[in-house]
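Chemist: In case you want the letters, here they are:
2 protein chains.
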Amino acid sequence: MALPTDKPLQEFALIQGLQHRYARHAPGLVHGIGDDAAVVETSSSRWWHLTTDLLAEGIHFDLKTAAPESIGYRAAMANLSDLAAMGAVPRYLLIALAIPKTIRQPQVYDLYRGLMRACRPYGVALIGGDTSASKAGLFLSITLMGTTAKRRALFRHGAKVGDQIYVSGTLGDSLAGLQLLTKSTIARSSTPRRSQLSRSHRQFLIRRHVHPTARVAEGLWLNHGRLATAAIDLSDGLSGDLRHLCKESGVGAEVESDNIPLSPACHAYAKAYHVSPTQLAITGGEDYELLFTASPRSRSALERQARARGYRITRIGTIRPQKFGIQMTSQGRTRPLPLTSYEHFR
Amino acid sequence: MALPTDKPLQEFALIQGLQHRYARHAPGLVHGIGDDAAVVETSSSRWWHLTTDLLAEGIHFDLKTAAPESIGYRAAMANLSDLAAMGAVPRYLLIALAIPKTIRQPQVYDLYRGLMRACRPYGVALIGGDTSASKAGLFLSITLMGTTAKRRALFRHGAKVGDQIYVSGTLGDSLAGLQLLTKSTIARSSTPRRSQLSRSHRQFLIRRHVHPTARVAEGLWLNHGRLATAAIDLSDGLSGDLRHLCKESGVGAEVESDNIPLSPACHAYAKAYHVSPTQLAITGGEDYELLFTASPRSRSALERQARARGYRITRIGTIRPQKFGIQMTSQGRTRPLPLTSYEHFR
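Line order of the protein sequences matches chains A and B. One point on numbering: in the numbering used here, the residue at position 15 of the first sequence is 15, and numbering is uninterrupted. One point on numbering: in the numbering used here, the residue at position 253 of the second sequence is 253, and numbering is uninterrupted.
Where hints are given, some of them may not hold.
Copies of the same chain are indistinguishable here, so a pair counts whether it falls within one copy or spans any two.
In silico DSS-like pairs for lysine-lysine, Cα to Cα no more than 30 Å straight-line [claimed, not checked]:
(1) 101 to 64
(2) 64 to 271
(3) 135 to 101
(4) 247 to 101
(5) 247 to 323
Please keep in mind that the hints were generated in silico from the structure rather than gathered at the bench.
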């Protein structure tokens, strides 16, 4: 379909354009975009998992520094990451947009392109949504649905005292990437520090921020194999998300901070900019890695299977009784894990 | 639970407050608010219906003239009406809010109170959501899920040539109520016209706008009894929504405009303010009545059962071939139905 270029946005024309562009048959989909509701088939042998996010211009993204394609991509990835943390297969997507007059149709198409680029590897189908004008700012609401087998999901509330704490991937990269993007004009004019950070490390960190990867396959593996006792995705940062998991499980935690996995690029960034890489890893949000707990009995199976599948997982601590609190240990010294969770209301 | 009064909004505290206030067990709900996703059980004998809306301050509501409780109530009702038009039982609700600094916690609680007041008669459970800051304006996103029996739903695409066109209730009341609310300061200072409109008629019209009723029971009846061939809810107005139904069904329509059901209050309003009541009925959105089509063979069963159940339905026209277009007939004269659908992008 030919794209309209820069005509004023017309709600129905836009919906029809997107319907033609992205509507396709998907397993279990009875009726997608174009009726009062989307209709899907279900099965008694499955649980449905639903997650929703509302992203606001100036809070979650800045149209002056981020491309609409990346905004869409990251928004979808944040929701895919929520389903990964449940061990669910992502299936269906609903998108609602409130669009200010300053946005032109090609930008809206770019946003959808990013959303669908994130979803396509998982076979997620766009089944519905809503579009509206906005007096001020672009707002994007996503609802994502996924499935697991019945009575088989990763909850936040299953961690037991003595369980080992793991994370996937490396932490802090997304925050370092964001800082590089926002510092980029300064860095370009005064280059002494920048010279210590190679071009490939810069690109790695920026890519980790702009195009993160939800750990959907890792979540499915942990859930199918009954390998984890609890899980959450790292969207608010290790400090905040570990707190959520502990609260729901009624436990405390001891994090061995020297074991937190860091990428070579994050180490190089921390050295170049004289910041603590551990601090980046603890406070940085939007890594979209999985934080999960596992019984010590599962340790060898977990670590062997992860190696065989090429999944990076790292043991970073131990679940303790609730009265222990949430502590961080480094070189024999124990202190409370800094409370630096990302909160939107600031 | 005691309500916090006017502390600055804290995302997690707010979520926890709402969780305690509205979380309850609901049939099929495995896990509600508090994990990465909400989890529900499903059944192979059912279809799931999903609808989502994003409402923007200054576009869909004005905090200067509308109470937060009414904003929440109407937002939920709009989505309940979408499910009514599918013939579905509403089940689960997800709410996402972007909240500017100017909004205080009690207003957010009032908004939720309105949302839940609309949902409670149907046993709908709040199972998840998201909250965020907003740089400009209050934004509210709702996702509502409902169920029908498998292969049993009211779609827009089933209308056949010769089918009769019906609407529930009366049309135009919501627009008249909105005009009364926005004209109220003028009306108070210059009373001659106002005197022609009784207090009870004013109250009726304003109530129809502020606290509309989705026709959930009527939708279930039409669907269970296989009485309708197609259905849509009247949110954009008769002119726009009949067009949607005809487009999806590949048909035209002839509306007998003198048969459009009008309330005595709407008649009185039209007389007092020298406007056409038919025009109000055709162009007015947000009545949340059902527009549906039925085979002429179903006519006697439909009208008999509606009387027995106390549902008001009115036959307003006939489905014609697509090439007939969408026409309006009055006293022997036929002309195109005015194209006055409510579009958000203006």
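Chemist: So, for every hint listed, does it hold in this structure?
Modeler: Verification of the hints:
1. For the identical chains of this complex, residue 101 and residue 64 are neighbours both inside a copy (16 Å) and across copies (22 Å), given an alpha-carbon limit of 30 Å.
2. For a Cα distance limit of 30 Å, the shortest separation of residue 64 from residue 271 inside one copy, 29 Å, qualifies, whereas the shortest one across copies, 52 Å, does not.
3. Proximity of residue 135 to residue 101 under the C-alpha cut-off of 30 Å is found in both arrangements, the shortest distances being 8 Å within a copy and 17 Å between copies.
4. With identical chains, the CA atoms of residue 247 and residue 101 are at most 30 Å apart between copies only, with a shortest distance of 28 Å across copies and 43 Å within one.
5. With identical chains, the CA atoms of residue 247 and residue 323 are at most 30 Å apart within one copy only, with a shortest distance of 12 Å there and 64 Å across copies.
Against the hints set out earlier in the document, no violation occurs for any number.
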